[in-house]
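Please model the entire structure based on the sequences and the hints provided.
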Amino acid sequence: MPSFYKNILFEHSFKKRYGKGMGGISMDKKLVAKMLVIVLLTGMLGGCGSDRTDSNHVSQVESGTAVPEESALSEGEASSPEEQSAQPDTSSAEEEETEMTEVSYNRVSVHDPSVIYDNGTYYIFGTHMAWAKSTDLMNWESFQMNINADYAKLFGKEWEEYCETASNPNLNGNLWAPDVIYNPNMSKYCFYMSVNGDDWNSVIVLLTADSIEGPYEYVGPVVYSGFNTDSHDVKLTDVYQVLGDGADLTRYQNVKNTKLNAIDPCVIFDEEGSLWMVFGSWFGGLYMLRLDENTGLRDYNTIYETIPNEQDAYYGYKVHGGFGVSGEGPYIIERDGYYYLFVSYGGLVADGGYQIRVFRSENITGPYVDEAGNNAVYTKECNDLFEKVGVRIMGSYDWTGNREIRVAQGHNSAYVTEDGEIFMVYHSRFAGGKNGITEAHEVRVQQLFVNEDGWLVAAPYEYAGEKISETGYTMDEMCGDYEFVIHTPTTYYQTAGSKTLGIMQPSNITLNEDGTVTGELEGQWTYEDGTPDMTITVGGVTYKGVFVKMPSEQLYFNPNERKVVMTFTVLGDNVTAWGSK
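Going by my numbering, 18 is the number at position 36 of the sequence shown; the sequence numbering is gapless.
It should be emphasised that the hints constitute simulated quantities derived from the structure, not laboratory data. Any given hint might turn out to be false.
Stated by the list, open to error - Using C-beta positions, here's what the derived DEER-type ranges look like: (1) L483 / S124: 31 to 37 Å; (2) G521 / G138: 56 to 62 Å; (3) N128 / G228: 37 to 43 Å.
No residue lacks a Cβ here, since even glycine has one placed at the ideal position from N, Cα and C.
Structural data, given as structure tokens:
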């Protein structure tokens, strides 16, 4: 078969951005016919002609059950496309060394996805009563429950009495970021929903069901925020029950003190079987309450002191934020003796700096710290987007392995399997929007790994069924040319006129067999024999992480086709970095 035909149908990788006027063009019968004619002519001419081939830019759309898969062109991308350079012919031996696989995805839009695994199926529950399920974390199917039809009845009491205002009259737009957990003490699925008020007058409400897909029934409120003695009457809450009648509420009126929004619950059992809920959004910080394992509601027998930056008598243990800094969507998992706290910083819009940072603690109630030892609780005002506090899991980046530039990735959840695999589920927006929608968002899943120092690092590409080799990789697999991206924590995607800022660009480096790193950055690298663990030192920083071989996201003629490449993911000096061959 002529190499030209092979290059077009199997090996050619299309650029991830095309020139104007080419977006959305898909492969049709006429194009196939033209290609076949070229193949026949090439064969009749004995393969004569140039050894280099110019190819048409073709964008193929991959369809999902809910949201179309990405095409090679993101509408409205601010950065200028580069011209596709002609591709040299490759030998048969080189072609055989390229490992390809096919992976299909069905996409869904679920904002603030909270994941739970139940009887062979992963479920995600999100804001605005959006839910979906999958058996493989790649192909998602949306579904509905009784909550979608009965929400006014289920949440009407708290809404009408406490949350509704003239400026915020619609309940269905204020059901945010639920979390679902199975409680074996109750033999119930417990569904914790944020009922949002526009003046922080919010409440987290518990529903329960015998089946994860419902029907769910009302149980009661768990915690309130925004209360005072006039506009949001504290007597409609349980605050006086906890603090005593006539308690001083001054600190709850100040966003630089303890005024917060009681939304974004995450409920978790600790290693001793105690039930906890972490919650909150911005301003006064994120807090943690002990729940009653037998009711799923607040445990009124657990008493807290009011200690600045540590505890509050009503909200419980302070685990993050304060002094008006951003921070929401807290989520906690446990792995190998550490509790990991994920927090989303910034504003959730595409150019709002939304991002995931992680801390850890040996105790579920904290204190939580990052790799540099910084406490997650702030003790002064600042713009935390420009602080190196918390390990930023990933930023926005542009390298060969992309088919999209993800931005404002955030409000994640995570699931730890019985085998110890960790899957992080989050929503993402896209540079320039998607399908003509600036704030379009979709669910993405990436695998997390634990480096030798016990810190989480994320796979460089979305989950595609890959398994890390627990016994490590060969020298030939590890050595070679890589693109290397450092996820600078203090920059984020923004647009300024026609310019785009905050998208990290890769450096080209080579991992050599003698342990040196050469190229645009120089240094050393090592690996731990019989494990996937690796260390790389460049720019005076030593990063620790793992090698993992996995499919990239580079776009090919067949959009389901993916090239399997060696990657590494590392953390050093409180900053994450990725490498991809």
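Using the Cβ atoms, figure out if L483 sits within 31 to 37 Å of S124.
holds (34 Å)
Taking 37 to 43 Å as the hint, is the beta-carbon distance of N128 and G228 inside that range?
holds (41 Å)
Kindly confirm whether 56 to 62 Å is satisfied by the beta carbon distance between G521 and G138.
Since the Cβ atoms of G521 and G138 sit about 57 Å apart, the hinted range of 56 to 62 Å holds.
Consistency note: the structure conflicts with none of the earlier hints.
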